[in-house]
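Trainee: The lines below spell out each chain.
2 protein chains.
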Amino acid sequence: MHEVPHGEILKELKKLGAECVLIQSPEGLRREAEGLAGFLEENGLTVILHGDINYGACDPADGEAKMLGCDALIHLGHSYMRLSLEVPTIFVPAFAKVDVVPALERNLEEIRKLGKRIALVTTAQHVHRLEEAREFLERNGFEVLIGKGDSRVSWPGQVLGCNFSSAKVEADGVLFIGAGYFHPLGVALAVKKPTLAVNPYSGDALWMGAEAERLIRKRWAQIVKAMDAKSFGVVVSTKKGQLRLAEARKIVSLLREHGREARLIAMDHISYSALEGFDFDAYVVVACPRVPIDDYENWRKPVLTPPEVEILLGLREDYEFDEIKGAERGEDEPLGISVKH
Amino acid sequence: MHEVPHGEILKELKKLGAECVLIQSPEGLRREAEGLAGFLEENGLTVILHGDINYGACDPADGEAKMLGCDALIHLGHSYMRLSLEVPTIFVPAFAKVDVVPALERNLEEIRKLGKRIALVTTAQHVHRLEEAREFLERNGFEVLIGKGDSRVSWPGQVLGCNFSSAKVEADGVLFIGAGYFHPLGVALAVKKPTLAVNPYSGDALWMGAEAERLIRKRWAQIVKAMDAKSFGVVVSTKKGQLRLAEARKIVSLLREHGREARLIAMDHISYSALEGFDFDAYVVVACPRVPIDDYENWRKPVLTPPEVEILLGLREDYEFDEIKGAERGEDEPLGISVKH
Chain F
1189 MHEVPHGEIL
1199 KELKKLGAEC
1209 VLIQSPEGLR
1219 REAEGLAGFL
1229 EENGLTVILH
1239 GDINYGACDP
1249 ADGEAKMLGC
1259 DALIHLGHSY
1269 MRLSLEVPTI
1279 FVPAFAKVDV
1289 VPALERNLEE
1299 IRKLGKRIAL
1309 VTTAQHVHRL
1319 EEAREFLERN
1329 GFEVLIGKGD
1339 SRVSWPGQVL
1349 GCNFSSAKVE
1359 ADGVLFIGAG
1369 YFHPLGVALA
1379 VKKPTLAVNP
1389 YSGDALWMGA
1399 EAERLIRKRW
1409 AQIVKAMDAK
1419 SFGVVVSTKK
1429 GQLRLAEARK
1439 IVSLLREHGR
1449 EARLIAMDHI
1459 SYSALEGFDF
1469 DAYVVVACPR
1479 VPIDDYENWR
1489 KPVLTPPEVE
1499 ILLGLREDYE
1509 FDEIKGAERG
1519 EDEPLGISVK
1529 H
Chain L
1189 MHEVPHGEIL
1199 KELKKLGAEC
1209 VLIQSPEGLR
1219 REAEGLAGFL
1229 EENGLTVILH
1239 GDINYGACDP
1249 ADGEAKMLGC
1259 DALIHLGHSY
1269 MRLSLEVPTI
1279 FVPAFAKVDV
1289 VPALERNLEE
1299 IRKLGKRIAL
1309 VTTAQHVHRL
1319 EEAREFLERN
1329 GFEVLIGKGD
1339 SRVSWPGQVL
1349 GCNFSSAKVE
1359 ADGVLFIGAG
1369 YFHPLGVALA
1379 VKKPTLAVNP
1389 YSGDALWMGA
1399 EAERLIRKRW
1409 AQIVKAMDAK
1419 SFGVVVSTKK
1429 GQLRLAEARK
1439 IVSLLREHGR
1449 EARLIAMDHI
1459 SYSALEGFDF
1469 DAYVVVACPR
1479 VPIDDYENWR
1489 KPVLTPPEVE
1499 ILLGLREDYE
1509 FDEIKGAERG
1519 EDEPLGISVK
1529 H
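Chains F and L, in that order, are what the protein sequence lines are.
Residues in the first sequence are numbered from 1189 upward in steps of one, following this note's numbering.
Residues in the second sequence are numbered from 1189 upward in steps of one, following this note's numbering.
Take the hints with a grain of salt, since some may be wrong.
[Said to hold, decoys possible] Taking lysine-lysine pairs in the BS3-like style, the calculated list, with each CA pair at most 30 angstroms apart, reads: (1) L/1438 - F/1254; (2) F/1428 - L/1528; (3) L/1406 - L/1427; (4) L/1528 - L/1418; (5) F/1513 - L/1438; (6) L/1438 - L/1418.
[Said to hold, decoys possible] Chain F regions said to be covered by chain L (calculated; three or more residues, Cβ under 8 angstroms): (7) 1238-1245; (8) 1252-1262; (9) 1442-1454.
Hints were generated in silico from the structure; no laboratory data involved.
Glycine included, C-beta positions come from ideal geometry on N, C-alpha and C.
Chain F extracted, bound-state conformation (with noise of 0.2 angstroms):
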């Protein structure tokens, strides 16, 4: 499904003078990172393959290539995200060869439903294909948005689990281009305005109104769930693009000040499992906003996300969606491989 450039990819290992490179891969691309394996390896390279799985570009293994005695680390499947990085990097973006103006062709009706002006956003797999998305939808009298985003992304337009800083521009809906409900459900908690997710593959489209509606209904019951909790740990993680340490204090002395204890905890893939020998009623985690919304059922304890902490400390009113933001973004990324020092 996804096509890795082993040339371009050799050609910058060259340049950087890399001769041990270790890669790391999504659960989707085991595959494509043994063939790549294979080939560098034909090509003079020694290679490791990274056995951790990856869900982001916000855990690149840049650290443990350095440990292994690597001059290089291949990141596959996400674009680069802002971060200073120990050995020299290729992001290796994956772009889905499906087509994905027959999807929203099939869904016109359906899509004039958000409005006139839309917001279009889709996952870094769909990017490249935006302008024919947004090509098609002007010829069909849409006002087309793509908001530039922050520097978290790499492209206008693209939305990671934790980001929707491109989706948030002056539109009635979103349109959301891409496969599963992670992205496009994270899409309407944010933006909380009408949100339709067309999938490429299987041209279905989904409203994600109810879903984000039942969400946010159980978020509110963790909210109350964790009412009188006495001690709060507080959860940041060691992943490089996840570790929010100035936000988890700030969180822990929120608490404090609010009469509740709260000590900070700091941990690489945040499970309740490992946590279950400590002794708190509650959790707030600081890392990754998706583990809260989307792990909360496997916690045998109440677990938040900060702004959750501010609603029940009377601190907020409204229900938002955590996210972590960046910066503004200079230039956009190359719509291809890119090289990091």
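Given the structure of chain F, go ahead and fit chain L onto it with the hints provided.
Mentor: Same frame as chain F, but now just chain L:
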């Protein structure tokens, strides 16, 4: 059950001039970690708890401490293992308060079946009681040998899940003092002598022979299952004390020399679920030796240790348990906390 010496730890932290400290703990010492955190914070330190579960001194969170801006690490529950550390680290072994002599007394007849000349070993938890045990046994007519062990352990007579060097002495059999199957099973497999485990908590004694034989039969079955495997994933761990990179490279070369495909894979916590997307026919774990031994039932592909690969390739005939060996040890560690830079 375990007493953590708050005052001593604070004194060492003051000597180090530490202002922020990360506390790492195994699952059984989570509450003690919380208690220590409260005490240190009352004394003016900034404290972060490490949330990942720690299984041994082979996996110190010194790198994480540095990343979090801490100037010291407290590692609860294990004695120092010779590793290069990124921040000053205070190792706080957990010594159990239970007396070991009553359980020995109760099982004297069973112990006699080991022979007259016995090797005496235990875990870090009971190592401070080893001299009492020795005296009791000598009074009862035994010749007691306590092996010095290599540099991976801290004290004579101490065994780890991956190192049984202290049990390898000229004795008729091995007497293990401690709870659980994990350590004495390793003793029986590594030393290949009659091994009796005496549990000081329950007072029970268990012969390990049958369980060790059952396990060796399972290991031979794994080797047979891997016999026709064309491609092998050779897994190293990025945990500092499990990073057996040179050995892993040797296994890759060995497999390739014998006409098999092999690829090096590096990962933190080794589990089959993370590797499921790869296309290897079998795996070799060159990290914690207990992963293939204790976890193979969760793997859907055969998973071997390095000596098992040698059997597979016809380079070895006898079954040998995989151990992580240390160099010759100079001094013993103190029987208390120890500060390493």
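Trainee: Taking a Cβ-to-Cβ distance below 8 angstroms as contact, does the segment 1442-1454 of chain F have at least three residues touching chain L?
Mentor: holds (count 4)
Trainee: Using a Cβ cutoff of 8 angstroms, are there at least 3 residues of the segment 1252-1262 of chain F near chain L, or does the coverage claim fail?
Mentor: holds (count 4)
Trainee: Between the alpha carbons of residue 1528 of chain L and residue 1418 of chain L, is the straight-line distance 30 angstroms or under?
Mentor: 45 angstroms, violated
Trainee: Hint check: residue 1438 of chain L vs residue 1418 of chain L, CA-CA at most 30 angstroms. Holds or violated?
Mentor: With Cα atoms ~18 angstroms apart, residue 1438 of chain L and residue 1418 of chain L stay inside 30 angstroms; holds.
Trainee: Would the pair residue 1406 of chain L and residue 1427 of chain L pass a check requiring their Cα atoms to be no farther apart than 30 angstroms?
Mentor: 27 angstroms, holds
Trainee: Is the straight-line distance between the alpha-carbon of residue 1513 of chain F and that of residue 1438 of chain L 30 angstroms or less?
Mentor: 45 angstroms, violated
Trainee: Could you grab the alpha-carbon distance between residue 1428 of chain F and residue 1528 of chain L and see if it respects the 30 angstroms cut-off?
Mentor: Holds: residue 1428 of chain F and residue 1528 of chain L sit about 26 angstroms apart, inside 30 angstroms.
Trainee: Taking only the CA atoms, is the gap from residue 1438 of chain L to residue 1254 of chain F under or equal to 30 angstroms?
Mentor: 20 angstroms, holds
Trainee: Establish whether the coverage given for the segment 1238-1245 of chain F by chain L is satisfied; the threshold is a Cβ-Cβ distance below 8 angstroms, and no fewer than three residues must meet it.
Mentor: holds (count 4)
When each numbered hint is compared with the structure, violations occur for hints 4 and 5.
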